[in-house]
Amino acid sequence: MKAAVLLDNGFEELEAMGPTALLKRAGVDVDLVSVKDGPVVGRFGIAYQPTLPFSSYDFDQADCLILPGGPQHETLRRNEAVLKLLHRFAEDDQKVLAAICASPTILGQEGLLKGKRYTCFTALNQDFGGTYVDAYAVTDGNLITGRSAAASIEFAWAIMEKLCGKEHCDQVKASVYYKPVVQ
Numbered sequence: 001m002k003a004a005v006l007l008d009n010g011f012e013e014l015e016a017m018g019p020t021a022l023l024k025r026a027g028v029d030v031d032l033v034s035v036k037d038g039p040v041v042g043r044f045g046i047a048y049q050p051t052l053p054f055s056s057y058d059f060d061q062a063d064c065l066i067l068p069g070g071p072q073h074e075t076l077r078r079n080e081a082v083l084k085l086l087h088r089f090a091e092d093d094q095k096v097l098a099a100i101c102a103s104p105t106i107l108g109q110e111g112l113l114k115g116k117r118y119t120c121f122t123a124l125n126q127d128f129g130g131t132y133v134d135a136y137a138v139t140d141g142n143l144i145t146g147r148s149a150a151a152s153i154e155f156a157w158a159i160m161e162k163l164c165g166k167e168h169c170d171q172v173k174a175s176v177y178y179k180p181v182v183q
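Just so you know, we're using UniProt numbering here: the sequence shown kicks off at 1 and counts up by one.
Just so you know, not all the hints are guaranteed correct.
With a straight-line Cα cutoff of 20 Å, these simulated EDC-like cross-link-like pairs (lysine to aspartate or glutamate) come out [stated by the list, open to error]:
id	residue 1	residue 2
1	Lys2	Glu91
2	Lys114	Asp127
3	Lys84	Glu110
Here are the computed distance ranges between Cβ atoms for each label pair [claimed, not checked]:
id	residue 1	residue 2	range
4	Ile46	Glu74	15 to 23 Å
5	Arg117	Arg88	15 to 23 Å
6	Glu74	Lys166	33 to 41 Å
7	Gly165	Arg117	15 to 23 Å
8	Glu74	Ala174	33 to 41 Å
9	Ser175	Glu80	35 to 43 Å
10	Asp37	Ala174	38 to 46 Å
11	Lys84	Tyr177	17 to 25 Å
12	Arg78	Lys166	18 to 26 Å
These are calculated hints, taken from the structure and not from any lab test.
Don't be surprised by glycine CBs; every beta carbon is placed ideally from N, CA and C.
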């Protein structure tokens with residue numbers, strides 16, 4: 001399995017690196033893909049490299065596209081190539097589309113949450129035509145959404161279970177001594 005984490009300056013570090021680290025523990029090949037050339041700088045000033053350039057990345061090889069939140073969601077929302085890619089993943093039943101915190105709002109504004117169960121950063125929720133769920137992570141078919149930085153681990157587990165199966169996900173949880181959060 002392969003996942004691509006889409007990054008631009010201002011991404012929320014925990015929402016990108018938490019799922020990346022846990023997915024790598026599960027044996028998922030994870031690529032950090034930068035919308036701009038060169039290293040990207042997260043919300044709190046941490047630069048990440050190496051990243052692969054969006055312009056030459058082969059998204060056909062990725063089974064999952066992950067969008068961390070943070071201030072980057074504004075620049076992603078204005079990028080036509082990114083929006084086209086989101087639609088491509090949403091329309092392909094062999095691909096998983098995962099977005100956390102502010103990034104599910106991009107999906108909502110693109111009409112990709114219509115008829116879906118989802119979550120997002122609560123203060124940014126609007127009428128996206130779906131059903132907002134008050135939970136850390138929500139899976140609806142091949143769509144996975146997460147609420148906030150606090151939900152990064154639950155979001156990662158949801159992605160892992162979808163890509164690797166429940167049994168493998170449970171093994172990784174046990175290997176890091178995970179205890180479920182009671183909501």
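How the hints compare with the structure:
1. Distance check on the hinted pair: lysine 2 and glutamate 91 sit about 18 Å apart at the alpha-carbon level, within 20 Å; holds.
2. Proximity of lysine 114 to aspartate 127 is assessed by CA-CA distance (about 9 Å); at most 20 Å being required, the pair is judged to hold.
3. At most 20 Å may separate the alpha-carbon atoms for a hinted pair to count; lysine 84 and glutamate 110 meet this at roughly 10 Å.
4. Evaluation of the 15 to 23 Å hint for isoleucine 46 and glutamate 74 yields a pass: the beta carbon distance comes to about 19 Å.
5. Checked against the hint of 15 to 23 Å, the pair arginine 117 and arginine 88 passes, with Cβ atoms roughly 22 Å apart.
6. In this structure the supplied range 33 to 41 Å holds for glutamate 74 paired with lysine 166, their Cβ-Cβ distance being about 35 Å.
7. Taken as a hint, the range 15 to 23 Å holds for the pair glycine 165 and arginine 117, whose Cβ atoms sit roughly 21 Å apart.
8. Distance hint check for glutamate 74 and alanine 174: the Cβ-Cβ separation is about 39 Å, which falls inside the suggested range of 33 to 41 Å.
9. Remark: the range hint 35 to 43 Å for serine 175 to glutamate 80 is upheld by a beta-carbon distance near 41 Å.
10. At about 40 Å, the CB distance of aspartate 37 to alanine 174 agrees with the hint of 38 to 46 Å.
11. Remark: the range hint 17 to 25 Å for lysine 84 to tyrosine 177 is contradicted by a beta-carbon distance near 41 Å.
12. Between arginine 78 and lysine 166 the CB atoms are about 38 Å apart, so this pair departs from the stated range of 18 to 26 Å.
When the structure is compared with the earlier hints, violations turn up for hints 11, 12 and for no others.
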